[in-house]
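Enquirer: Here is how the chains run, residue by residue.
Protein chains: 4
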Amino acid sequence: MKALRYHGERDIRYEDFEDASLTADTDVVVKMDLCAICGSDLHIYHGEGFSEDTGYCVGHEAVGTVEEVGKNVRRFRKGDPVMISAAVGCGNCPACFAGEIVKCHVSGFACYGLSHALQGCQAEAIRVPMGDFNLRAIPEGLDAEQALMLTDNLPTSHLGCQRADVTPGADVGIVGLGPIGLMGVEIVHVMGAGRVFALDLVPERRELAAKLGAIPVDPASATETIFEATRGKMLQSVVECVGADASLNLAIQLAGVRGTISSIGVNNNMAFPFPMALMLAKGLTFRMALCSVQSHWDELIPLVQSGRLHPEQFISHRMPLSQGAEAYRLFDAKEDGAMKMVFAP
Amino acid sequence: MKALRYHGERDIRYEDFEDASLTADTDVVVKMDLCAICGSDLHIYHGEGFSEDTGYCVGHEAVGTVEEVGKNVRRFRKGDPVMISAAVGCGNCPACFAGEIVKCHVSGFACYGLSHALQGCQAEAIRVPMGDFNLRAIPEGLDAEQALMLTDNLPTSHLGCQRADVTPGADVGIVGLGPIGLMGVEIVHVMGAGRVFALDLVPERRELAAKLGAIPVDPASATETIFEATRGKMLQSVVECVGADASLNLAIQLAGVRGTISSIGVNNNMAFPFPMALMLAKGLTFRMALCSVQSHWDELIPLVQSGRLHPEQFISHRMPLSQGAEAYRLFDAKEDGAMKMVFAP
Amino acid sequence: MKALRYHGERDIRYEDFEDASLTADTDVVVKMDLCAICGSDLHIYHGEGFSEDTGYCVGHEAVGTVEEVGKNVRRFRKGDPVMISAAVGCGNCPACFAGEIVKCHVSGFACYGLSHALQGCQAEAIRVPMGDFNLRAIPEGLDAEQALMLTDNLPTSHLGCQRADVTPGADVGIVGLGPIGLMGVEIVHVMGAGRVFALDLVPERRELAAKLGAIPVDPASATETIFEATRGKMLQSVVECVGADASLNLAIQLAGVRGTISSIGVNNNMAFPFPMALMLAKGLTFRMALCSVQSHWDELIPLVQSGRLHPEQFISHRMPLSQGAEAYRLFDAKEDGAMKMVFAP
Amino acid sequence: MKALRYHGERDIRYEDFEDASLTADTDVVVKMDLCAICGSDLHIYHGEGFSEDTGYCVGHEAVGTVEEVGKNVRRFRKGDPVMISAAVGCGNCPACFAGEIVKCHVSGFACYGLSHALQGCQAEAIRVPMGDFNLRAIPEGLDAEQALMLTDNLPTSHLGCQRADVTPGADVGIVGLGPIGLMGVEIVHVMGAGRVFALDLVPERRELAAKLGAIPVDPASATETIFEATRGKMLQSVVECVGADASLNLAIQLAGVRGTISSIGVNNNMAFPFPMALMLAKGLTFRMALCSVQSHWDELIPLVQSGRLHPEQFISHRMPLSQGAEAYRLFDAKEDGAMKMVFAP
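Residue numbers (our numbering), protein chains in the order written: chain A, 1 to 345; chain B, 1 to 345; chain C, 1 to 345; chain D, 1 to 345.
These are computed hints drawn from the structure, not numbers from a lab. Mixed in with the good hints, there may be bad ones.
No copy labels: a pair is met if it fits in one copy or bridges any two.
What the hints assert, rightly or not - The calculated lysine to aspartate or glutamate pairs, modelled on EDC-like cross-linking and capped at a C-alpha distance of 16 Å, are:
#: 1; residue 1: Lys71; residue 2: Asp53
#: 2; residue 1: Lys334; residue 2: Asp53
#: 3; residue 1: Lys233; residue 2: Asp298
#: 4; residue 1: Lys2; residue 2: Glu124
#: 5; residue 1: Lys233; residue 2: Glu299
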């Protein structure tokens with residue numbers, strides 16, 4: 001079959017790859033209908049991947065149609081339209097029972113498309129381990145693009161917003177307005193946010209947030225702007241969606257007394273210069289976490305079904321898989337309004 | 001001064017009444033700008049009032065301008081625009097500290113306009129006891145009509161919705177679509193409700209709810225309609241805004257497994273035939289309560305300021321105080337689309 | 001094999017019964033080590049059972065040793081010591097995923113020992129359907145008697161206490177001091193209760209509660225006693241463990257402003273005369289529910305392991321299964337200090 | 001009157017000081033019955049105080065008897081036994097209404113005994129501003145020593161434990177076993193903790209914790225010990241009571257997946273080397289805060305009254321005020337089992 005393979009920094013190729021096939025009685029093989037590029041795929045694209053491997057097939061956001069099921073698969077059969085969770089759990093350990101799938105005792109933090117260990121989904125088909133646990137039938141009333149957003153980005157945004165202690169009427173900040181940040185603007189409104197201050201260095205992205213009802217704020221003057229707008233109270237909740245040292249620092253500055261900063265960006269600094277005196281004086285709460293996708297579906301699906309969330313609106317490009325290299329280039333360069341890039345293989 | 005006085009069943013008169021004046025150092029006299037008729041005033045109008053008294057001045061929802069302050073009043077001075085809480089507390093007992101103002105140890109459940117004990121606000125002026133506690137400056141950005149809705153109806157609706165355990169994506173029912181029920185449609189959306197099923201016997205009121213994004217449901221076929229729409233799951237949360245035996249019973253029928261019924265209607269039946277077997281089999285939670293208005297202001301004010309709630313939209317009539325008798329008649333008869341009746345004395 | 005069989009009112013016999021055996025690939029056969037009589041078994045003993053059936057084997061609380069496993073059982077093998085959940089779920093439907101096992105879409109509310117449909121556990125062996133879901137290995141550090149209490153009574157008591165909104169320092173009431181009520185005395189202490197008022201008609205049971213640190217209260221004078229002790233505040237939380245109309249009524253009387261009554265007794269009255277005016281004036285919350293045993297194990301097991309709960313202390317009798325008839329008689333008559341009756345077949 | 005005055009590093013003197021007297025109509029003068037040295041007083045003793053001032057009277061934990069009240073004081077009169085909150089608020093600003101007294105808009109973070117601005121309480125009498133808000137009558141059933149512990153240490157410990165997300169059965173760590181840490185051992189037990197791991201460099205302090213039911217752990221081998229005891233799960237909640245960089249780092253290491261670290265130690269490092277990668281991988285929550293004493297009284301008082309908390313047990317020394325210099329020396333040197341030092345002036 002055809003697939004997008006990673007061969008080194010900025011070198012993604014559309015090539016032949018070994019066909020996806022069953023390797024265990026609990027596996028499911030899914031023929032791809034739609035898949036997408038995630039912001040975290042850019043780490044790989046930049047050559048700073050999560051493994052030393054090359055030549056593997058990338059990608060971890062996809063929806064498709066069941067092609068073949070192992071004999072112990074109980075919940076799916078050939079022809080079922082399904083969405084594939086980016087988090088991969090065994091479904092049968094204490095962590096999976098508790099919904100902490102990224103801490104699965106068996107799979108570790110398993111995700112598709114990080115090495116040859118688990119084939120990525122930017123391909124014509126994919127093998128899904130423990131299909132009963134890691135797949136879900138596309139819910140009634142959702143189209144394929146909406147379901148695609150549920151495989152990673154929307155749950156990740158939801159996780160960040162859930163952990164930000166938003167209450168009805170609260171002033172909330174969203175730092176970073178890629179797809180996850182923009183989805184966050186919608187989510188915190190659903191959670192009752194009064195005012196949503198939306199920050200990004202790119203003016204066009206701030207305009208997108210403004211269309212969703214947020215107050216666009218330039219990060220360069222954010223502290224002063226928000227101080228004035230809130231008469232010094234600053235923000236009850238800040239959702240940080242970047243992970244850079246600078247944006248984390250800004251998020252902590254923007255939080256008010258007893259406020260919460262919830263970060264869903266990735267930051268691996270083991271000696272981040274943390275302003276303890278500020279944490280103490282303001283009595284803050286700081287949180288980070290990785291997303292156990294499946295655990296968010298029960299709350300998110302009805303919100304998309306009932307029209308309260310529209311995650312598909314952030315899809316900017318729909319391209320054939322064969323144009324994968326160009327799609328990665330556009331997305332990386334933020335050219336042509338690139339936001340969410342979707343492949344229809 | 002002029003005031004609306006109650007003289008018996010369906011007998012409200014615009015007449016002279018003793019001028020409002022200070023009786024304690026903590027009192028404030030407020031000149032009325034706007035006042036309103038509440039659904040609970042109809043109990044009095046029907047002659048089934050909360051006291052045996054007659055000739056007293058009615059009403060408990062009002063905003064005005066400070067006219068005179070007692071010498072121990074610290075937070076207000078002549079000319080301040082204020083809103084008057086329908087719940088009246090001493091501000092200095094354990095119940096008031098805990099926000100349970102309707103359980104004030106000193107005032108009992110004190111409310112304006114139930115007898116001569118505490119003059120009502122459908123008048124040219126009113127004396128407010130413990131002004132520092134029972135008044136608030138009209139918040140920045142709110143007009144007088146919005147503030148008026150904050151003196152009773154919006155907090156009452158909020159109380160009912162808060163106690164209904166609404167979570168993002170939940171299917172919610174609102175039983176009874178007067179001003180409080182319609183405000184509830186907006187409030188549960190702010191709390192994240194996925195679908196809101198709105199029930200009332202009057203088709204026009206169901207249409208108003210539909211304009212707010214709710215699904216209108218005829219109570220006569222509600223059980224079947226909602227069973228089908230939810231595929232048998234029924235509702236997670238039901239806000240009951242009537243208080244009649246029939247509507248309480250319906251609310252309990254509509255709740256699903258581990259659901260919550262929160263009633264803000266008034267029901268004084270001491271032997272309501274309660275379906276225990278249903279409570280047990282479905283594992284339900286049932287709640288009732290009276291509203292301590294002041295305790296809801298901190299959460300509601302930012303929601304009105306930021307444009308997430310629009311309680312003033314339910315005002316159907318604006319009339320001079322001198323037409324009080326006619327206003328009560330229209331409201332009671334639900335004539336001329338009567339919903340929320342406001343006086344500008 | 002030998003088993004206790006129900007033949008009509010007060011007629012339990014130790015007799016031969018068909019051997020337990022596998023009927024599905026997910027079944028497990030467990031050889032009994034200990035089993036117990038539950039208060040709800042007395043409904044059957046009194047001839048007011050949950051079915052019209054007779055001759056079936058009774059009982060739903062047991063621990064044992066795995067004897068045989070179906071070929072799709074993944075988590076157990078012959079020789080494993082296990083505890084058997086009184087609630088029986090399929091483990092693979094939305095209700096089971098949500099922990100609402102008593103609402104399992106497949107099994108309905110399935111429980112052992114109510115008819116021939118699912119053999120009871122007061123026998124030498126039992127077939128457990130969906131063993132991977134309905135069994136758990138006896139946790140490290142727990143003896144068989146502690147594990148036995150985890151199969152029904154302790155989780156049921158825990159459910160009632162959890163739903164009573166106990167907070168640290170709260171005044172709490174426990175109405176009914178059988179094993180479940182007495183376990184509740186320990187549980188609400190663990191939840192932080194300040195004072196625990198323990199009510200039962202039987203003075204000896206009140207003394208047992210007093211030994212656990214509770215304040216014993218005679219139901220006849222409970223309202224006055226608790227009014228005085230709390231200076232009129234009454235109780236924040238009341239756990240009702242009987243289910244009779246009178247005890248439910250008393251529980252509602254004992255609750256204070258914004259208090260919660262959580263009932264785990266069984267009451268099937270469809271027209272219980274409910275004091276709505278009291279619910280409204282006090283702003284109460286009322287709850288009932290059935291227990292999904294498995295959902296409570298993760299919280300309860302560490303509490304027993306760490307010595308904070310001692311549910312085994314309520315075992316009053318240990319008898320051979322062959323004396324089943326006498327055990328039921330003693331338990332029903334509350335003779336000889338009968339509290340929790342355990343069989344060692 | 002006589003008072004303890006600070007004259008520089010390790011120089012506390014028992015000397016004459018200007019008599020405490022009313023300066024505003026809302027002031028109360030309290031004659032001292034008992035006062036105490038707090039761990040934070042050692043910052044002053046070490047010459048690293050919170051001001052440049054010298055010669056001022058120190059101390060902020062005290063109970064006494066009302067001597068004189070301003071004419072606007074409503075809740076107290078001469079002869080009332082009272083406890084004095086270490087946090088001083090105006091009682092009439094949004095922060096005080098919200099219980100965030102340390103963020104009072106009027107007083108800033110006001111505390112007694114940090115400079116001449118607000119006289120300390122290690123003296124024969126003290127002036128309490130806004131007495132109605134900053135004093136409380138010693139609750140029924142509490143002796144003076146128990147009330148003294150409620151003026152700062154017990155609420156501070158409670159704050160830290162409250163923010164640590166303790167749930168029934170949880171494994172909890174307490175880092176640092178001074179009076180606040182030891183009180184924390186009792187508090188987290190009341191909150192339902194299953195196992196409490198207690199860490200301190202001083203073996204005698206670990207022994208005190210063990211007597212309270214905790215598992216004593218040497219910080220040098222804490223990571224390994226707790227890893228083994230929890231089979232790798234580590235701790236759900238860690239209460240850090242020191243504030244040093246090393247102890248904060250250890251607390252973060254000890255937290256398990258989705259765990260919470262709540263620090264009530266003081267750390268003013270603006271560039272603490274924070275292990276972000278660990279926060280992310282474990283999905284942690286980190287919190288700090290200062291204590292608004294009054295806001296904790298409603299929950300703590302019943303817990304002391306009902307005998308669930310015994311904060312007075314940590315008093316190691318009772319001395320006359322005239323021996324203040326020696327008391328400070330002993331406390332600083334941790335000599336003679338010095339734990340909580342109390343003066344009876």
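Enquirer: Does each hint fit the structure? Answer for all of them.
Expert: Hint check results:
no.	hint	result
1	Lys71 <-> Asp53	neither (32 Å within a copy, 39 Å between copies)
2	Lys334 <-> Asp53	neither (27 Å within a copy, 57 Å between copies)
3	Lys233 <-> Asp298	between (35 Å within a copy, 14 Å between copies)
4	Lys2 <-> Glu124	within (6 Å within a copy, 60 Å between copies)
5	Lys233 <-> Glu299	between (31 Å within a copy, 15 Å between copies)
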